[in-house]
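There are 2 protein chains.
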Amino acid sequence: MEFAELIRISRCDRVMLHQPHKAVLDGTLCITGHHLIVSSRDEEPQELWLLHSNIDTVERRQQGMTGGTLWLKCKDLRILQLDIIGADQFAKVSDTLEDLTRVDEPTLLYPFFYRPMYTVLEDGWTAFLPESEFSRLVQSGDDWRMSYVNKDYKVCPSYPSAMVVPKSIDDNELVAIANFRQGGRFPVLAYRHESSAVLLRSGQPLTTPNGKRCKEDERLLSLVLGRGKRGYVIDTRTQNLSQSAKLRGGGYESELHYPNWRRVHKPIDRHHVLIDSFTKLMDGINDNSSGMDKWLSRLENCSWMNNIKETLNCACLVAQCLDQEGASVLVHDTDGLDSTLQVTSLAQIILNPDCRTVRGFEALIEREWLQGGHPFALRHQKSCYTPSNQRTKGTHSPSFLLFLDCVHQIYSQFSCSFEFGESFLIMLFEHSYSSQFGTFLGNNEGERVVMKARERTTSLWSYVNRPEILHQFLNPMYEPNQRVIWPSVAPMSLQLWPAVYLRWVVDQAPQDAAWSVVKEIKERDSAIRSRVSRLRRQLQDLEKEAVANGIISQSIVNPGSPEPLEVA
Amino acid sequence: MEFAELIRISRCDRVMLHQPHKAVLDGTLCITGHHLIVSSRDEEPQELWLLHSNIDTVERRQQGMTGGTLWLKCKDLRILQLDIIGADQFAKVSDTLEDLTRVDEPTLLYPFFYRPMYTVLEDGWTAFLPESEFSRLVQSGDDWRMSYVNKDYKVCPSYPSAMVVPKSIDDNELVAIANFRQGGRFPVLAYRHESSAVLLRSGQPLTTPNGKRCKEDERLLSLVLGRGKRGYVIDTRTQNLSQSAKLRGGGYESELHYPNWRRVHKPIDRHHVLIDSFTKLMDGINDNSSGMDKWLSRLENCSWMNNIKETLNCACLVAQCLDQEGASVLVHDTDGLDSTLQVTSLAQIILNPDCRTVRGFEALIEREWLQGGHPFALRHQKSCYTPSNQRTKGTHSPSFLLFLDCVHQIYSQFSCSFEFGESFLIMLFEHSYSSQFGTFLGNNEGERVVMKARERTTSLWSYVNRPEILHQFLNPMYEPNQRVIWPSVAPMSLQLWPAVYLRWVVDQAPQDAAWSVVKEIKERDSAIRSRVSRLRRQLQDLEKEAVANGIISQSIVNPGSPEPLEVA
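First to last, the sequence lines map onto chains A and B.
Using this note's numbering, read the first sequence as starting at -4 and increasing by one per residue.
Using this note's numbering, read the second sequence as starting at -4 and increasing by one per residue.
Among the clues, some could well be false.
Same chains, same label: a pair holds when it works inside one copy or across any pair of copies.
[What the hints assert, rightly or not] Derived DSSO-like pairs: lysine-lysine, alpha-carbon spacing no greater than 30 Å straight-line:
{"id": "1", "residue 1": "K289", "residue 2": "K388"}
{"id": "2", "residue 1": "K261", "residue 2": "K539"}
{"id": "3", "residue 1": "K146", "residue 2": "K68"}
{"id": "4", "residue 1": "K241", "residue 2": "K87"}
{"id": "5", "residue 1": "K146", "residue 2": "K224"}
{"id": "6", "residue 1": "K87", "residue 2": "K68"}
{"id": "7", "residue 1": "K146", "residue 2": "K514"}
{"id": "8", "residue 1": "K87", "residue 2": "K149"}
{"id": "9", "residue 1": "K388", "residue 2": "K210"}
Quick caveat, the hints were computed from the structure, so don't treat them as lab data.
Note that the structure is predicted; figures quoted are calculated from it, not measured.
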């Protein structure tokens, strides 16, 4: 076992665990390679199992030789307090936990040790292959093809092995374009709208201060538009930032060389700005001394709601271009790994009803985030509780959480249009930071191939899509809505997401109860419908028999007009 | 017709009406004594009917001789824009509407002209008489009696004709106490908790700087507590304000003369402070230029959320005293007409599950607000859109709306524990400002008796409690909860009420749809259950007949074990 040397102590008695909304647990602490376990000594034992990878930071306060208190601040935003007796035990537990949470060699993580106790019906690793996701598009038209130029992840390390590109651009041209785009991220198709306007994403063009050009890049973007059509480049950086990016070898599409593309800057905060915002938000929430004024002032100062607004705003703009102007859109920032993916995926949720189903939303996360190369391992290595001086600038960021929050804002406004409920989003938030499943491991498909995630770990989708599990995430109010949904982005219509940010501070049980009631009514509805069908059949059988025997005439059997059973 | 002289113009063609979330309506304006009506000239005519009493303020902008634009800012928070052609017509319409909205002689208002088109089944005017509301309490014990000392509204103009007071205090003593309490509001019983601790309310004692006393008042409050028990006076003013009230002839209960009562100050904003807060809130909401930062800053500065927090906080404190300490509580501020009623009624919602039913909530509003003498006519004469220099200090105030908002906050946290949904609260908000019903007319029961509201107008409850109307206000998620419910008052768990404040700015239709879906499922559930019962009966009849005729043996009829039908 690789962890033996890290585990200085594997068992510690008489610890006191303080958890939100629960009675203090007086029990035994066990530390395994992947879990921290606290079990009570009661007759009905209570237990806490916590993955080490869920721990964002360990804060210790020693009290002389008597022991001390550990605060485990988790990536699911929970804060646990552990009182440990004895200075030696306290030090050993603290050191062990600190070391175990620092393990970031992915193949040492729990997904490589976890074995599911159920039969996998549909393998999540093969459920969303680009070939099947884009099959209709690639097979139906003359415009788009699947390219395997990146099959060994060398042209673009953050891209998947298969992508959709314009048919008339060959792989050699793609290689040339990859050399001209940040991180090799040449423009690829994210979504084609019914108007046949398309949504593309990429990294920034490396125009440099010398105004470098790439004919192949210009040709690709010109081809995409078609004759006489105009498109939009949505740059999620400020104009200044795009300008100054040239000095660092980056740049933007000049209107001179991309004459049919109009550039629009819609800045969205990323990286350290975003995680600082998140840290401030959680500081405010965890400060239970705040009055209303102080809280609202902190909420304003942390800018989290503003980040939501700007991101949604940009996604709405993209959706408008596609749906109302029928114009194609290319989205990028510098790397195309964060705000770019937020915007392209949110635009699809607005435009495409498929993305509001469970399967469609899973596919969206696969396409845009996992195959799209969002570096989950780096971004989620540290979260909001890690002090900013222990974070690496440009590495850690809650981009995916901000995306989920934006989805939740849309969901709050259009609760009937989503097949899943908010618990599905919360589950994704949790698993993206710490999980027994391999889905969110590594930084891109290439890394997951190297670590053999597909062969050696279970996919989150394999678990989630089992009917008995999926059931709990379904939205009882779902009514498929084929229309484009336009969320309000007025600042007052955006609200803090209590079920994620407040759940450990304010007990959400009464709110959860409402959800359960609706689910129960819906389930009873289904159950009673099938009971009606059974009774109907029984009645018909009896009727037939009675009529056949001449005991009852047809008129007695059906005394009134037949009552239609509207079982939808 | 009394309005003839006010109506300078009764019809005006070619007006353009701009309403929130609706297409512009091009049509004819008609002005009657009580309504402004705009009808389109389309084949499928669209119409707006607006009670003049709903108009808070009329703002006009004339455009030379061509006409002008009127902004009608309504008490239901809607803002309507009316474009009128011709300077003469514009002036006449404007003057007419301004005059008609100023009519405040209650018997000229619409409730005295409105005739319901349906048969009143249960007269709302007699549905909540104190004798029946308090019958169990008065009949069962030796401690409380019904007093009619105020039967002609002379002892206390703002009190009803019947009240519950301690049995050992006679009517002469009540008169003496009334002389010692602001507005004659001697302490009366609002609620007796199951612990038999009681909630009382009153006006401030008129102790004056001379330290005036009233033996009868001291005796009443001492009697209420019982031997060896302590109680709390919750004063909803700051300590300073209570102190300085002495100089104006008011005061507070000194611990010297009320030795078993502990005084606690929980200040809650009232009157002009509260309406200014409301005005700032709505200014912020109607300013569509706000970014997120500006909006959050305005939300903080307006203090509306803080008002909610402080009011709920105080209600929770009262509920804690009663439920957890078993201690009686007397609540008052100066007059006992605003924050006092908010607190006593919210405490009952927290403590008493009956108040969370439709009938119980109506009874609560009758007892605490209508019979309790909240001056609806004065308070709701003007609302947030009237400029502060046109408001009378201490007269206009959204106290009742703040109460409804607090109820909504509790409802949001315990959605299953209320028999009614938020639409019921919104309906009460609207009718309390402007209505065809007489329930909220005048400032107290005495005024309603003088204007013969009971004989000459219809009660809101007579309308609302008809099954076909009530139906739309019921909460499909209701599951009776007999427990005390403790709302979180952490600042981050309180949220702006979109369905009231935002509905004219941000279309709430998608949110309303979710509600409809749940209602539909619930209704289908009921329908299908009764269908099951019918089918069962049919089946049983057929079985009996078949068995009686010896055609089918019992074992064929019941092939399996009987399937119980759990129809709750």
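Hints, verified against the model:
Taking the closest pair of Cα atoms, K289 and K388 come within 30 Å of each other both inside a single copy (29 Å) and across two copies (29 Å). Taking identical chains as interchangeable, the C-alpha atoms of K261 and K539 are never at most 30 Å apart, the minima being 70 Å within one chain and 75 Å between chains. Taking the shortest alpha-carbon separations for K146 and K68, neither the intra-copy value of 40 Å nor the inter-copy value of 64 Å comes in at or below 30 Å. Proximity of K241 and K87 under a CA criterion of 30 Å is satisfied in neither setting, with 51 Å inside one chain copy and 65 Å between copies.
Taking CA atoms no more than 30 Å apart as the test, K146 paired with K224 passes in neither setting, with 33 Å inside one copy and 82 Å between copies. When the C-alpha separation of K87 and K68 is checked against a cutoff of 30 Å, the pair qualifies only within one copy, where the shortest distance is 18 Å, while the shortest distance between copies is 68 Å. In this homomeric assembly, K146 and K514 never come within 30 Å of each other (Cα to Cα): the closest approach is 45 Å inside a single copy and 52 Å across copies. Taking the shortest alpha-carbon separations for K87 and K149, neither the intra-copy value of 44 Å nor the inter-copy value of 78 Å comes in at or below 30 Å.
When the C-alpha separation of K388 and K210 is checked against a cutoff of 30 Å, the pair qualifies neither within a copy, at 34 Å, nor between copies, at 73 Å.
This entry does not satisfy hints 2, 3, 4, 5, 7, 8, 9, going by the numbered hints stated previously.
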